[in-house]
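Chemist: Listed here are the chains, written in short residue letters.
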Amino acid sequence: MTTLAPTAATRRARAWDTFSRNRLSWIGLALIALIVLAAIAAPLIAPHDPLEQDIVARLDPPSAEHWLGTDTYGRDVLSRMIYAARISLFVGFVATLIAMTIGATIGILCGYVGGWFDQFMMGLLDVMLAFPTLLLGLMIAAMLGASLHNLIIAIAITEIAPFARIARAPTITLKQLDFVEAARALGFGPVRIMGVHILPNMISDVVVMGSLWMASAIRTEAALSFIGLGVPPPAATWGSMIREGFDNILDTWWLSVFPSLAILATVLALNLLGDALRDAADPKLRAE
Amino acid sequence: MIQYAIRRLLLAIPTLMVMLTAIFVLVRLVPGDPAAVILGDQASDASLELLRAKLGLDQPIGVQYVAFMHDVFTGHLGRSLSSGRPVIQEVLGVLPWTIELTLAAIVIGVLLGLPLGVVAAVRRNRWPDYASRLVSLLGLSFPAFVSGILLLIVFAVELGWLPVLGSGDAGSLGDRLRGLALPAINLGLIMMAYVARITRSSMLGVLGEDYIRTARAKGVRPFRLIMRHALRNALIPIITVVGLYFGTLVGNSVLTEIIFNRPGLGKLILGALNARDYTLLQGLMIMFAICVILVNIATDLAYGLVDPRVKYR
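Protein sequence lines correspond, in order, to chains A and B.
Per this note's numbering, the very first residue in the first sequence carries number 15; after that it's consecutive.
Per this note's numbering, the very first residue in the second sequence carries number 46; after that it's consecutive.
Just chain A, same shape as in the assembly (with noise of 0.2 Å):
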């Protein structure tokens, strides 16, 4: 073991040495990469318009025509769920921002302000952390109406507290260090102090995070729109979609499947990713 604090550039090129080596974090990379592919290209590649009716062709299976079969108003189900990837994993990602803006900001304050502020604050991140995800978002929705926007004010909300957690225990550490000391004694302002010499310091732990939770949001954006708080039609996520099907689930099966299954894969994919994240971002983890 060496006394010399690792620098910052060693630091990085070992996580990157951790990451790369990890089988299962570039199948996450490979297999999220698609998925956004495919929704930006989703005019070019999807092989129907989503919205385009064909009452001849209602609740056909899957054929060579129709890959994945097609819904009650015989829209294609495949190119439905291509653009439905592009509301899933936009609303996945603004929430999730919206959540890292706010939680990080509060973990911040609560860990260079410290003492009865910090314990109260974090005594009621506790109980939010605890609370139902899922019911907390359902509540949200449900008051403020189903609509794209609210939806994602919904489901950011439920991820601020653990962002606030993520923030707090590194600043907590950063705040007692020399350079912060120094800048105390230059006689700058909390402010400037929290953002230009704390944040940038810890900004990474906070960021790391960000892609378990997108993984997460994405989930619960799913669970809304499977009970009826989403984007309202015809618009299409993969929630709305399987919802769809569900009714009749047991004869046309392929409605609700297919759309289960790009939610699985991918969520699957952002905690596969997420994981190989925090292992590389992880120094303890790193040691053994």
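Calculated from the structure, these hints are not laboratory results.
Please read all numbers here as calculations on a predicted model, not as lab measurements.
Glycine residues also receive a C-beta, built at the ideal position from the N, C-alpha and C atoms.
No incorrect hints appear here.
Away from chain B, derived, C-beta distances all over 12 Å, residues of chain A:
| # | residue |
| --- | --- |
| 1 | Leu48 |
| 2 | Leu51 |
| 3 | Asp63 |
| 4 | Thr86 |
| 5 | Gly129 |
| 6 | Glu195 |
| 7 | Ala196 |
| 8 | Ala199 |
| 9 | Gly203 |
| 10 | Leu213 |
With the Cβ distance kept under 10 Å, some of the chain A side facing chain B (calculated, not the full set):
| # | residue |
| --- | --- |
| 11 | Leu150 |
| 12 | Met153 |
| 13 | Ile154 |
| 14 | Ser274 |
| 15 | Val281 |
| 16 | Ala283 |
Fit chain B to the supplied structure of chain A, relying on the hints for placement.
Modeler: What follows is chain B alone, placed relative to chain A:
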């Protein structure tokens, strides 16, 4: 310990007050006039006026807030708008179904998850570890309703082993257990994933400790070493996670109940949503908030039971 429990309960009061305030604000965020939302577009002015008075919405916001807090702390959670029955009665009516399901899930999850996590940690970086990690990651990735749908199709429809829909109302004990089987397996497998994951990482931490090496050096048999020396010390994080998982478990049980058409909190919530029964939703939120706070405290208290080193301050 009793003193500690009392102190924790007292400290929980401010937290509960803030949660209640949040719920109060949330319910009043309903866009437009709640009375109009509840009664629909066709309602007459007179009936709107009547409902507003009934819900106390014609009072100033401060008066409403005080009345709300007073009601909660005296145990009045209001009446369901659609059935007219007290919220508490509505909840207690379906609660046994949900408790039965969640308890079964916890039993399945712990019985399968603990050994899976222990084996993964002991055989680290060999195939049992990879298999266990993949299984638990899959479990973490399944939205409860997706796994429910797949289980339903495979076991109930294709194989025809178990009934497709929920537990029959009365029926014999056997019928009841068979109705419980699929929903409980669905929730239990997800629970298993969480337990296995945390057991693995907690065990890995403990297995690296000096006292494990000492025990091994003095010739403690591997099985005894793992069960008595390592696992007992690895239990605290596991309990924390099971406690924290309570929220997810309730959320997942709601989805599972909907999929398997089983009575319980899930169907109650769904019904309240569809009927725009805001008083029932508000009452449910309050009860969940109280529940979550109590489970948090119970989790902290459980530490002392498994680890005598824990001192309650």
